[in-house]
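J.: For reference, the chains in residue letters:
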Amino acid sequence: MKIAWKEMKKSKAKFLILGSIIFLVSFLTFIISGLANGLSQDNAALIKDLPDGQFYLSKDADSTYNLSKIDEEVQKQILIDNPNATAFSVQMGFVNDAEDKQHSVAFVASTESKLFENVKDGEIVLDSSLKEDGIEVGDVLTNNQFSGEFIVKGFVEQQKYSHAPVAFIGMTNYQEIYRVMEMQTIFIPGKDAPTLSALDSFSNKEFLHAIPSYSAEQMSLNMIVWFLVIISGMLFAIFFYMMNVQKIGLYGILKAIGMKTISLFKMIWYQMLVITAISLVLSIALSQAFSFVTPEGMPFHLTMDTVWMLSAVFMTVGFIGATISGIQVKKIEPLQAIQQGEM
Amino acid sequence: MSVFTIDHVKKTFTNGEIEEEILKGVNLSLKEGEITALIGPSGSGKSTILTIAAGLQRASGGEILFEGKDMTKMSQEEIRHVRATDFGFVFQSSHLVPFLTVEEQLQLMLDVAETKTSKKEQAKAIDEMLKLVEMQHRKDAYPSSLSGGERQRVAIARAIIHRPKILFADEPTASLDTKRSKGVMELLQELTRTLHLTTLMVTHDEEMLRYVDRVITMRDGYIVE
Ligand SMILES: Nc1ncnc2c1ncn2[C@@H]1O[C@H](COP(=O)(O)OP(=O)(O)O)[C@@H](O)[C@H]1O
Ligand SMILES: [Mg+2]
Numbered sequence: 001m002k003i004a005w006k007e008m009k010k011s012k013a014k015f016l017i018l019g020s021i022i023f024l025v026s027f028l029t030f031i032i033s034g035l036a037n038g039l040s041q042d043n044a045a046l047i048k049d050l051p052d053g054q055f056y057l058s059k060d061a062d063s064t065y066n067l068s069k070i071d072e073e074v075q076k077q078i079l080i081d082n083p084n085a086t087a088f089s090v091q092m093g094f095v096n097d098a099e100d101k102q103h104s105v106a107f108v109a110s111t112e113s114k115l116f117e118n119v120k121d122g123e124i125v126l127d128s129s130l131k132e133d134g135i136e137v138g139d140v141l142t143n144n145q146f147s148g149e150f151i152v153k154g155f156v157e158q159q160k161y162s163h164a165p166v167a168f169i170g171m172t173n174y175q176e177i178y179r180v181m182e183m184q185t186i187f188i189p190g191k192d193a194p195t196l197s198a199l200d201s202f203s204n205k206e207f208l209h210a211i212p213s214y215s216a217e218q219m220s221l222n223m224i225v226w227f228l229v230i231i232s233g234m235l236f237a238i239f240f241y242m243m244n245v246q247k248i249g250l251y252g253i254l255k256a257i258g259m260k261t262i263s264l265f266k267m268i269w270y271q272m273l274v275i276t277a278i279s280l281v282l283s284i285a286l287s288q289a290f291s292f293v294t295p296e297g298m299p300f301h302l303t304m305d306t307v308w309m310l311s312a313v314f315m316t317v318g319f320i321g322a323t324i325s326g327i328q329v330k331k332i333e334p335l336q337a338i339q340q341g342e343m
Numbered sequence: 001m002s003v004f005t006i007d008h009v010k011k012t013f014t015n016g017e018i019e020e021e022i023l024k025g026v027n028l029s030l031k032e033g034e035i036t037a038l039i040g041p042s043g044s045g046k047s048t049i050l051t052i053a054a055g056l057q058r059a060s061g062g063e064i065l066f067e068g069k070d071m072t073k074m075s076q077e078e079i080r081h082v083r084a085t086d087f088g089f090v091f092q093s094s095h096l097v098p099f100l101t102v103e104e105q106l107q108l109m110l111d112v113a114e115t116k117t118s119k120k121e122q123a124k125a126i127d128e129m130l131k132l133v134e135m136q137h138r139k140d141a142y143p144s145s146l147s148g149g150e151r152q153r154v155a156i157a158r159a160i161i162h163r164p165k166i167l168f169a170d171e172p173t174a175s176l177d178t179k180r181s182k183g184v185m186e187l188l189q190e191l192t193r194t195l196h197l198t199t200l201m202v203t204h205d206e207e208m209l210r211y212v213d214r215v216i217t218m219r220d221g222y223i224v225e
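If you're matching them up, the sequences are chains A and B in order. The letter at position 228 of the first sequence is residue 228 when you use this note's numbering, and the numbering goes up by one with no holes. The letter at position 158 of the second sequence is residue 158 when you use this note's numbering, and the numbering goes up by one with no holes.
Since the hints were made in silico from the structure, they are not lab data. The beta carbon of each residue, even a glycine, is placed where N, CA and C say it ideally should be. It cannot be assumed that every hint is accurate.
[Unchecked claim] Here are the simulated DSSO-like pairs of lysine-lysine, each with C-alpha atoms no more than 27 Å apart in a straight line: (1) A/Lys205 x A/Lys9; (2) B/Lys124 x A/Lys2; (3) A/Lys2 x B/Lys31.
[Claimed, not checked] Derived coverage of chain B by chain A (criterion: at least 3 residues anywhere in the stretch with Cβ under 8 Å from a Cβ of chain A; other residues may be distant): (4) 2-14; (5) 107-113; (6) 188-201.
[Unchecked claim] Coverage of chain A stretches by chain B, computed from C-beta distances (three or more under 8 Å per stretch; other residues unrestricted): (7) 114-125; (8) 277-288; (9) 333-340.
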């Protein structure tokens with residue numbers, strides 16, 4: 001593929017422009033999907049970061065997490081039968097600091113478990129984003145529905161729920177604030193979690209969608225990302241197509257001297273591959289760097305899985321665009337191609 | 001002996017609703033080792049018959065016999081193979097590959113023709129060919145830095161480096177001054193002799209006819225002799 005490479009070396013400007021367009025478009029897609037994913041993480045990191053397993057809601061809750069109440073007797077039996085199981089509840093609320101300033105939090109209380117912070121009554125563990133509000137270890141926090149006080153014991157990273165920082169509290173405190181004795185849900189980690197006749201069970205994914213705000217928000221975010229992917233994918237395909245149509249005169253000359261069709265295809269593919277690969281490497285590197293410089297408050301979360309998936313999509317559509325123009329080149333008579341190139 | 005025979009070739013172009021018959025049954029045969037010149041008024045169909053003969057576009061009817069095979073019945077791939085190994089073509093404007101040096105243009109042609117000789121022999125052949133067309137001093141130059149005459153000489157070198165049996169040339173001297181034109185014609189004459197080529201060329205320049213063996217005149221899509 002010497003000829004493909006020689007052309008790129010000689011017409012640097014043209015290929016550089018094409019490459020930078022692909023770079024910019026893919027960079028934009030990476031950043032937007034990083035932000036969308038960050039928002040989704042902000043909404044449900046607490047649940048998303050749990051290992052695979054099964055969630056159980058009471059049958060009368062009608063798959064709605066907020067309405068679920070698990071009977072205490074049932075819960076007790078399940079926790080005995082499944083040593084890994086944990087019962088927990090999440091409710092939105094507020095804590096007041098020493099200056100009586102309110103901070104929105106998601107209170108989480110659970111039975112003893114490795115998966116959640118276990119907090120004694122009268123203590124509280126907060127998501128680290130609250131540090132920025134000036135809260136420190138040892139501070140005393142209060143709540144309007146709660147007679148006692150919480151002493152801040154520590155902070156945890158990346159524990160968010162419904163865009164609010166999570167606040168882990170003891171079960172008895174939780175029961176007092178929300179005036180319920182029952183927990184909302186039971187989680188059993190592992191692939192072979194049992195089906196329990198008294199309760200409805202949900203996979204992690206199904207459970208996320210049982211959180212009302214999550215599924216609605218997720219749908220909009222996914223829509224944005226997929227629209228962007230489709231539009232930028234089409235841009236890719238169109239750019240490669242245009243580049244080759246613009247070079248039709250050259251392909252006419254090469255056909256006229258008797259170059260094989262497969263060699264023309266290889267030339268088209270090679271250039272597409274080189275440009276796309278270089279542009280993608282650059283935008284992957286830059287978008288990863290971007291995640292280090294994003295300000296604390298901006299939710300940005302771009303996983304390598306997403307990056308590879310999007311890169312594969314771009315490679316594929318670039319390939320399709322290049323191949324369609326190749327078919328065009330294959331079909332045209334050499335003379336016709338040369339004459340079109342002269343126009 | 002005739003190596004190439006055009007028999008009753010027709011060509012019709014459709015422009016929207018209008019069908020126009022440009023070639024109305026052209027008969028023509030080329031003799032081995034001869035230069036045949038095609039002359040006639042502009043628009044009479046000279047370029048059209050030349051490019052059809054060279055396999056650069058399809059005829060609408062008739063037969064084209066090359067080494068006993070009818071080219072009008074060949075597949076695209078068979079015609080490509082004939083173009084790559086047995087034909088050479090010089091266009092009116094040189095149509096070199098813009099991003100290859102003079103030397104690389106000829107190497108590309110050898111690669112396309114799937115020349116079996118060693119790289120060293122190929123380099124030697126390229127060197128000799130460039131000497132023949134007096135271009136060896138510009139072998140590392142790109143087409144954009146060559147004059148019209150130099151480009152045309154490189155185009156001729158590319159058209160014959162792979163030792164084709166038939167050379168087609170469409171007004172190869174049109175963009176050159178008289179002195180350069182004579183140079184190119186002498187070169188074609190010499191190459192036809194020394195390499196046992198058979199050449200079909202289009203020209204409108206009466207001056208050039210003294211370098212050719214046979215003259216055929218076209219008018220309105222017919223040969224008028
Ligand atoms: N691709 C084409 N489509 C339509 N008409 C064409 C095409 N190519 C050539 N012609 C027409 O065919 C006629 C002969 O053209 P050409 O063979 O180039 O003439 P010459 O080379 O003798 O000047 C002209 O009238 C020209 O307009
Ligand atoms: Mg002409």
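J.: Against each hint, give a clear statement of whether it holds in the structure.
T.: Hints, one by one, checked against the model:
no.: 1; hint: A/Lys205 x A/Lys9; result: violated, 49 Å
no.: 2; hint: B/Lys124 x A/Lys2; result: holds, 21 Å
no.: 3; hint: A/Lys2 x B/Lys31; result: violated, 39 Å
no.: 4; hint: 2-14; result: violated (count 0)
no.: 5; hint: 107-113; result: holds (count 4)
no.: 6; hint: 188-201; result: violated (count 0)
no.: 7; hint: 114-125; result: violated (count 0)
no.: 8; hint: 277-288; result: violated (count 0)
no.: 9; hint: 333-340; result: holds (count 5)
When each numbered hint is compared with the structure, violations occur for hints 1, 3, 4, 6, 7, 8.
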